[in-house]
Amino acid sequence: MTQERRAVRWGTILAALWLLGVLAIVYRVGAAAENALALEEARSVASSFDANQRPARTAMRYVPVAGPIVTVVRTMKRQLGPAAERLRTEERVLIWQTWRQRFISLPVKDADAWDIVGAVVVAANPVDMPWIVWVVTVGAGLLALGLLRRGMRLAATDRETAPYYLVADGVAVLAIGTAVVAILVRGYLQEVAMRLPPPTAITRFDPMVLQLPNGRLVALVVAGVWAAVAAGILGTAWLASPSQALSARRTARTAWGFLAPSGVHLLLFTLGPLAFTAWLSLYRWDLLATDRPFIGLANYRELLRDPQFWNALKNTALYALYVPVTMGLALGAAVLLNQPLRGIRVLRAMVFLPAIVSYVAIAMVWQWIYHADYGLLNHVLQRLGGTGHDWLGDPSTALPALMVVSVWVQLGYQMVVYLAGLQGVPATLLEAARLDGAGSWTRFWRITVPLLRPVSLYLLVTGIIWSFQVFALVYVMTEGGPARSTDVLVYQIYQNAWEFRRMGYASALSWVLFALLIGLTVLQWRLLNRRVEHAA
Amino acid sequence: MPRNARAPQMARLTTAVAAVVVAVLMVAPFLWMVSTALMGEFEVLQYPPPLLPASPRWANFREALTTLPFDRFFLNSAIVALVTVTSQLVCGAMGGYALARFRFPGARAVFAVYLGALMVPGIVLLIPRFLLVDALGAVDTMAGLVSAELVSVWGVFMMRQFFISLPRETEDAARIDGAGEFTIFTRIALPMAKPALATFALFAFIDAWKALLWPLVVTRSMSLRTVEVGIASFHGLYYANWPYQMAAAVTALLPVFAVFLATQKYFTRGIQLSGLR
Amino acid sequence: MKAWSLGMLLALCACAPDTPVTVLRMTSWQTPAENALDLPAIRAFEAAHPGVRVENEPVANQAEYREKVITSIASGAPPDVFLLDNIDVPAFVEASVLLDLRPFAPRVGVSLDDYYPNVLEIFSRGSAVYAFPKGFSPVVYYYNRALFEAAGIPEPTDGWTWEEFIAAARALTRDTDGDGVTDQWGTAVMRPFYAWQAIVWSGGGDILATDGQRASGALDSPETIAALEFLTSLVLTHGVAPRPNAFRAVTGNESRLFYSGRLALLPSGHWLIPNIRPQLAAGRLRLGVVSVPRAPGATVATPLFASGWSVPRNTTHRKLAVALAAALAGPAAQRERLEAGLELSAMPSVQDAWTPHDSSGLDAAFVRQVASGRPPWGARIARFREVEAQLPDILDQVIIQGRPVAEVTRDVARRLDLVLAR
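Protein chains in written order, with the working numbering: chain W, 267 to 802; chain U, 42 to 318; chain Y, 2 to 423.
Keep in mind that the hints were calculated from the coordinates and are not lab data. No residue lacks a Cβ here, since even glycine has one placed at the ideal position from N, Cα and C.
Example chain U residues on the side facing chain W (calculated, C-beta under 10 angstroms, incomplete): (1) Val-61; (2) Ala-69; (3) Trp-73; (4) Leu-172; (5) Phe-241.
In isolation and in its complexed conformation, chain W is listed as follows (with noise of 0.2 angstroms):
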C-alpha cells in the first residue's frame, strides 16, 4: 500500500512539475515578446519627440514628464528602484521588473546622437499569450495528472501488465500537450515577430534593440522539460511494479541515485552541448555572423576530400603509439619505486615532476635536447660516434621525436595509477606464491600483471584518447610544423573553431574523431575486457 501511495505521489509532482515549467516558459516568452512591443512603441514616441520641446498632451496615451533628468529619476525611483539612475548613464535599452509590472526604457539622444538627453519609459503589457496556449497548457497538465495517478495505482498492484504501459497514456497527453504547445508558442513569436521590424546583421549587436526569443530554442526547451518529466514518470512506474523483484529495485534506486550528481552534470555539460555540436556541423557556423546557412554534410564532405584532414588522421593514430609504450615503462617504474628505499618519495616525486610542469618549459627544455647544433642528443651521438640529426626539422623525425617527449611526460601519471594499482594486489597471494617457489619474475607476470588488468584496461583507453585529444605539445613545440609532419586532428579542430571562426567545419571534425576514437574504444573494449572480467 504504501508501496501504491508513494507511486502515485510521485506521478503527481512529476506532472505537476512539467505544468509548472511550461507555464514558466510560456510566460517568459509572452514577456520577453510584450517587452519588444512595447520597445517599439517607445521608439515611435521618441522620433516624434522634439528634444527642445515639450511633447503636447493631446491624443497620446502618455504622461510625458518635462524637466531635468535627475527630478525625473527621482520621480521615477518610487516605480523602478534606486537602479533609475542607470536612465543617465546607460546606452542602451532596459528592463525594469518591479513586482508588479515591467517597464522598457530606451534612451534619447541629442541630434547628433551623442548626448543622452532624456528617456522614454513605456510600461510594458502583461503577457499576452492566445487564451489558448493557456487552457492547452492546463487541459493537458490535469488530464495528463488524471490518468498518470490511475496508471501509476494500476502499475503498483497489477503483476502482469508491463508498468510503461500503464502510463503510457498520462505520458503520450503530455507529449501531445507539449507539442501543441511548442508550435502555439512558435506561431505567437512569429505574429510578434510580424509587428516589429525584421532583424537584420546591423540589429544582431544594437543595445538599442531587445531580440525576440527564438521559437527553435524556446520548442527545444520545452521538449526538454517534457522528456525529463517522462523519463521520471516512466522510471517512476518502473520502480513501482511488483513485477521487479524488490531487491532489484532497490538496486536500481540506489544506483541512479549514485549516478544522479555525475549524470546530471554529464547532461548539462557534456551531452548537451555534445549534440549542440552535431547540430552546429550541419551549419557554416561563425560565433559573430548572423548568417548561419544550413549547409547539410558539406562539412563532412569537405574533410573527407582535404589531404591535410587525411595527413592529420594518419599522424594522430602514429603519435597514439607513444601510449602503450609509456605504459611499460611506467609499470617498470611503478614496480621499481615501490621498494622500501630510503629517499624512494623523493625519487618518486622526481619522477612525477613533468606531469606538472608547464609545457612551455617542456618545449623549450626539449628544444634544447632536440637542437641540430647544440643539442643534447647529438652531443651524445657524436661522442658515441654517430652523426647528429635535425630532430625536430627533419619531417621524418619530428612525430617520433615529439612522442618520446609525450612518453616522458605521461609516465609520471600513469605509474602513480600503477603505484596505487599494486597496492590492490593482496600481499597474502604473493607470499602464497613465494612459498610455492614462484620466482618474483613469475610472480610478476603471473600474479601482478593480471591483477592489474583493470588498470592497464583503464589506463590504455584514457591514454589513446587523451593522447588523440591533447595537442598542447604540438602546439607549443611545432604548430604542426615542419611539412604538416606533426599536425594533429585537434589542433586542426582548435584551428578551425577558433583561429579561423569555423565553428561548423571544427564541429564536424570533433564528431569525426569522436566517432574514431569510440570505435577504437570498443575495439580495445572487445580485445582486453573479456580477459579483465575473467581476472577480477
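Here the structure of chain W is known, so what remains is to put chains U and Y in place on it, guided by the hints.
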C-alpha cells in the same frame, strides 16, 4: 652462501642506481625552470641558451609576483581547486561505485554513455559550454568558473576500474547483515578505495590548478583570474619575459608538489606495509 | 497594442550633481609591461571624467585574447573598449560588431587627419573608421653593424637589391672556429608569412589577386616565384641562412642567433626593440635598420602591422567608450609608448617630435619605411588566417622536401583558391 647473500644486495644497488638515473632525467625541465627564473631578462635569449645564470637574480621572484596581484590569483586557484576536487571526488566515487557494483537495467547503456563522454574532444565543447554558462548568467562569476569541471568522467571511469579490482566479499557480508547501501559505500567501499581516491584527488587538483582556456574565456575581471592565467600573461605575441614567467610558474608548482607529497602516502603506504611484513 | 498603461517621457539636460560610479571595461593583448604604458592615459581619463572607473583587463596571448573578445561580444557583454589587431578588422567589420568612430571623432577632439593615412586606411572601410590607431610597425631588416664592420663591407642602404643582399650575406656568413660548421650567419629565413610578405611585394609579386578572391595568377606568377626562389636560395644555394625550423617565434633560433651577434640580417618589426633595449643601451649590440631588398626594377613595399582602440557596437556606454578609445590613442599615450620603444606612433606629428630623442637611433630609419608601407592582407580579407596557415608550407616543401618553387606555388595556389571559394 655468500653469493646468495650478495645477489639481493646487488639487485638492490642496481635498482637504486636505475631509480636515481630515471629521476634525474625527469627532473631536468624543473631545474631548467628554476635556472631560467634566476636569469636576467636577456640572458635567456642567448645562443646557445645558457644552462645556469651568470649570477642568480632572486629579485625576479619578487618582481614577477608583484607585477600582477598574484596573491589574489592564488586564492582564486585555491578556491577553484578545492571546490572542483571535492565535487569530483564525491561524484566520481559515487558514480564509479554504482557502475562497478550494481547490476540494473540500463547499466551497460549508462556506462557506454559515460565512456562515450570521455571521448568528446574537449576543445569543441568550449563554445557550447560558454553559451550555456552565459544563458545561466554565470559568466564572470566564481560559479561559472567552477561549473564546467564539477564532474570528471575520467574520475568516474577510474573509480569504476578500481572498485572492480577490489574484492566485494566484505560489502556482501555487510549487506547480509542488513546495512544500508549508502552505509556500505561510505563505511566499507570508500576506505578500501583510499589509494584510488588519493590518486584521483591528485589528478583532479592538477587539472584544476593548470586549467587555462576555460578560466580565461569565462572570466573577465582581474579579481577572478587564476594563477595559470596570470602566468600566461608574461607571454606576449612577440615578446616573452621568460624569467618572470618561470619565476611565477615555479611558485605555482609548489602547491601541486605539496599535494603530491601529501597524497603520496595514501597510495603507497599499503605497499610499504606489505613489503615489510 | 491595447492597454499601454503608463508611459513616461523624460527629457532634457544631463547635468548631474550626485554622480554614480560608471564602470568602463577595456581589454587588450599586452604583457604587464606593455599594459603599464596605458596606465597614465587611463588615470588622466578618470581624472577628466569624475564618477567613471576604468577596469583594465589585459590578456597577454593574442590567440586567447581573441577568444575572449569574440565570446564576450557574442554574449552581449562586451568590453567597452578593446584593442583591435589589423588581422581582425575584416571579420569584425563584416559581422557589424564595431562602431563607426568617424562621426564621433570631432566630439572627442580627434582629428583623423592627424594619423598616417596608410595606417588609418587599415582600420577604414569607405568613410567609416573602426579604430583609433595606437601604433604600427613596418617590416624591415635589422642588421648588426659590428658584423658588417668586421667583414669590411659597407652598411646596406634602403632600396638595395637582391643581388646586393646576397653578396652581403655571403660575406657575413663565416665559420669562425674552422670546424667546418657555420657559426655566423648572413641572414635568416623564417617560416611565418609576416616575415617574408615584404620580399614578395618588393619583387613585384603578391600572394593573392588584387580583389583577394583568388591566389592563382598571383602566387604562381613569375614575380612571386622569383621572390620565393630568392628567399629559398638563401638556404639552399648560398647557404647564408640556417634551415628554418618549426619552433614558435618566441622560442625561435633566429632571434637567439641575432641577439648573440651571430646573425647579421634579421627580418622583423619594431616590436623587437623592447627585447633588446638594455643591450642597445649598454652598447653590446649595435644595430641598424634597412628596407627589405627588392628585385631589380621593382619598388620596395612592406606591410604595416597596426593595432588600434575599438568600441564594440553593443557597448552600453558608447559616449564614454569613444572618449576612452580616443584618450588611449591620443598624443600623450602615443608618446608614452614611443618612449618604451614598442612601435612607431600612428601620428606623424608625435613621431616626428620624438625621433630626434630616440636613444636607439633606429626610429629615423623606421620612419623612412612608412612611405613604402601597405595594409597587410590580413587587414583586407576576412579569411586571411586560413590563407596564412597554408603559406609556411611553401618554404617547407621547397627547402625541406626539395620541390621546385613553381610546382609548389601552383599547388598551394590551387588549395588557396578552394579556401577562398568556400
